Amino acid sequence: MFELSPQDWTAIALSLRVAVVSTLIALPFGIAIATVLARASFWGKSALDALVHLPLVLPPVVTGYLLLITFGRKAPVGAFLADHFGIVFSFRWTGAALACGIMAFPLMVRAIRLSIEAIDKRLEHAAATLGANPVSTYATVTLPLALPGIIAGMMLAFARALGEFGATITFVSNIPGETQTISAAIYTLTQVPGGDAAALNLVIVSIIISFAALLASEWFARRAAARLHGS
Amino acid sequence: MLAVQAEKQLGEFAVNVSFTSDTAATALFGPSGAGKTSVINMIAGLLKPERGRIVLGDEVLFDSVTGINVPTWRRRVGYVFQEGRLFPHFSVKRNLDYGRWVSGHASNPRQLSHVIDLLNVGHLLDRRPGKLSGGERQRVAVGRALLMQPRLLLLDEPLASLDTARKHDILPYLERLRDEARVPLIYVSHNAAEIKRIASRVVRLDSGKVVETGGIELLDGARADVLA
Chain A
210 MFELSPQDWT AIALSLRVAV VSTLIALPFG IAIATVLARA SFWGKSALDA
260 LVHLPLVLPP VVTGYLLLIT FGRKAPVGAF LADHFGIVFS FRWTGAALAC
310 GIMAFPLMVR AIRLSIEAID KRLEHAAATL GANPVSTYAT VTLPLALPGI
360 IAGMMLAFAR ALGEFGATIT FVSNIPGETQ TISAAIYTLT QVPGGDAAAL
410 NLVIVSIIIS FAALLASEWF ARRAAARLHG S
Chain B
21 MLAVQAEKQL GEFAVNVSFT SDTAATALFG PSGAGKTSVI NMIAGLLKPE
71 RGRIVLGDEV LFDSVTGINV PTWRRRVGYV FQEGRLFPHF SVKRNLDYGR
121 WVSGHASNPR QLSHVIDLLN VGHLLDRRPG KLSGGERQRV AVGRALLMQP
171 RLLLLDEPLA SLDTARKHDI LPYLERLRDE ARVPLIYVSH NAAEIKRIAS
221 RVVRLDSGKV VETGGIELLD GARADVLA
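From first to last, the protein sequence lines stand for chains A and B.
This note's numbering puts the first residue of the first sequence at 210, with every later residue one more than the last.
This note's numbering puts the first residue of the second sequence at 21, with every later residue one more than the last.
A few of these clues could be false.
Computed beta-carbon distance windows for the label pairs [what the hints assert, rightly or not]: (1) A:His262 <-> B:Asp199: 57 to 65 Å; (2) B:Ala23 <-> A:Ala249: 33 to 41 Å; (3) B:Glu32 <-> A:Arg331: 20 to 28 Å.
The calculated lysine to any residue pairs, modelled on SDA-like cross-linking and capped at a C-alpha distance of 20 Å, are [to be verified]: (4) B:Lys151 <-> A:Asp329; (5) B:Lys68 <-> A:Arg248; (6) A:Lys330 <-> B:Gly150.
None of these hints come from the bench; they were simulated from the model.
These figures come from a predicted structure and were not determined experimentally.
Glycine residues also receive a C-beta, built at the ideal position from the N, C-alpha and C atoms.
Using the sequences and the hints, build the whole thing.
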């Protein structure tokens with residue numbers, strides 16, 4: 210009775226691809242912004258902080274709309290990227306990844322920032338007295354100690370990307386095989402009379418994926434914490 | 021030869037010190053809150069004086085007039101912190117090796133094994149700092165600072181976090197360090213008995229100022245602290 214149609218599989222594969230790609234691409238930016246917010250002090254820092262958190266408080270359709278008028282094929286940034294680098298976002302899975310990455314970004318930055326702020330700076334001072342320049346100190350002390358927070362941030366971003374709906378559907382629509390993620394597919398099925406039974410299968414799949422991701426991140430976080438505390 | 025002349029306002033508290041050190045081991049002695057740690061933080065480059073000049077050998081580490089301020093990581097001044105500050109995510113061996121590794125020098129197994137023997141930490145190499153006792157942790161911290169081949173070694177109350185029995189265990193290692201490692205020491209403590217065993221010269225601090233300098237006989241007037 211639990212049988213997935215080819216369209217279901219397509220949506221599942223697309224959702225996973227979008228979530229993984231958006232999380233991995235957001236990661237270096239997330240670490241960089243989190244470091245800046247945790248450690249640097251400069252004019253306009255609260256503005257940057259607010260900007261990063263904006264997707265968390267804006268209605269997702271508003272974020273999707275803003276993406277549309279910025280990264281659409283005829284929009285300024287979108288046209289530039291398409292003409293010079295061949296990168297097209299509108300109505301492509303890459304656009305879904307962009308939307309998911311932006312929606313997930315505040316959660317990722319927040320988790321990483323908190324873990325960097327919790328690091329004992331005196332360990333970084335100790336590294337400096339041992340001859341480590343600031344870059345080496347960051348790479349060998351700060352980042353490894355922030356690892357549990359980085360894992361948590363990736364997990365939150367992945368989960369957020371997997372569940373993203375509003376911004377994605379507004380920005381890149383709901384095209385089977387290209388931009389129709391699990392969420393969009395469930396939505397589509399529920400719009401058809403009698404489609405709720407088929408939707409249930411995808412609902413179960415998304416529960417399984419979320420649960421697996423949660424368990425995996427718990428496992429990684431526990432391993433990282435054990436590494437830090439010596440066992 | 022170390023020459024320190026430094027002024028720094030820290031909230032309500034002002035540090036204004038001037039002293040030199042040219043012996044194997046000089047103690048900074050004084051009650052807690054006298055500014056001892058602030059002074060060695062300025063020598064290490066972790067705290068920037070407002071005015072003054074710090075010279076080690078023939079290198080100016082800090083000079084407020086000419087604007088010289090060599091960053092901590094280029095000073096080659098070793099520092100043993102009161103609480104050890106070992107890196108929790110590295111094994112003891114990688115902690116010991118950190119200074120060499122991070123500055124990209126070739127490994128020197130002879131020196132490594134010499135320091136491991138000197139401080140008797142050979143059986144701890146694969147452990148994580150979280151699994152060490154207080155005394156073991158401080159010995160590893162001393163070894164880690166020694167292995168970056170410092171020109172000067174700062175020790176900030178290295179025994180303060182240990183109980184009396186542990187102190188007596190560690191003191192012989194510190195004496196060997198002074199006699200064998202050929203690195204001048206600046207030893208910070210509020211404990212006269214401890215200082216008498218390690219140092220030959222005493223700089224006595226109180227309320228952020230140098231009140232006396234001299235040999236260890238200077239401590240005879242001080243309250244005869246037992247090692248506690």
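Status of the hints after comparison with the structure:
Restraint check, His262 of chain A to Asp199 of chain B: a C-beta distance of roughly 59 Å satisfies the suggested window 57 to 65 Å. A C-beta distance of roughly 35 Å is found between Ala23 of chain B and Ala249 of chain A, which places it inside the suggested range of 33 to 41 Å. The hinted window of 20 to 28 Å between Glu32 of chain B and Arg331 of chain A holds, with their beta carbons roughly 23 Å apart. A C-alpha spacing of about 19 Å is found between Lys151 of chain B and Asp329 of chain A, which places the hinted pair at or below 20 Å, so the restraint holds.
Under the criterion of a C-alpha separation no larger than 20 Å, the hint pairing Lys68 of chain B with Arg248 of chain A is consistent with the structure, at around 19 Å. As the CA atoms of Lys330 of chain A and Gly150 of chain B are separated by approximately 18 Å, the hinted pair is consistent with the 20 Å bound.
In this structure, none of the earlier numbered hints is contradicted; all agree with it.
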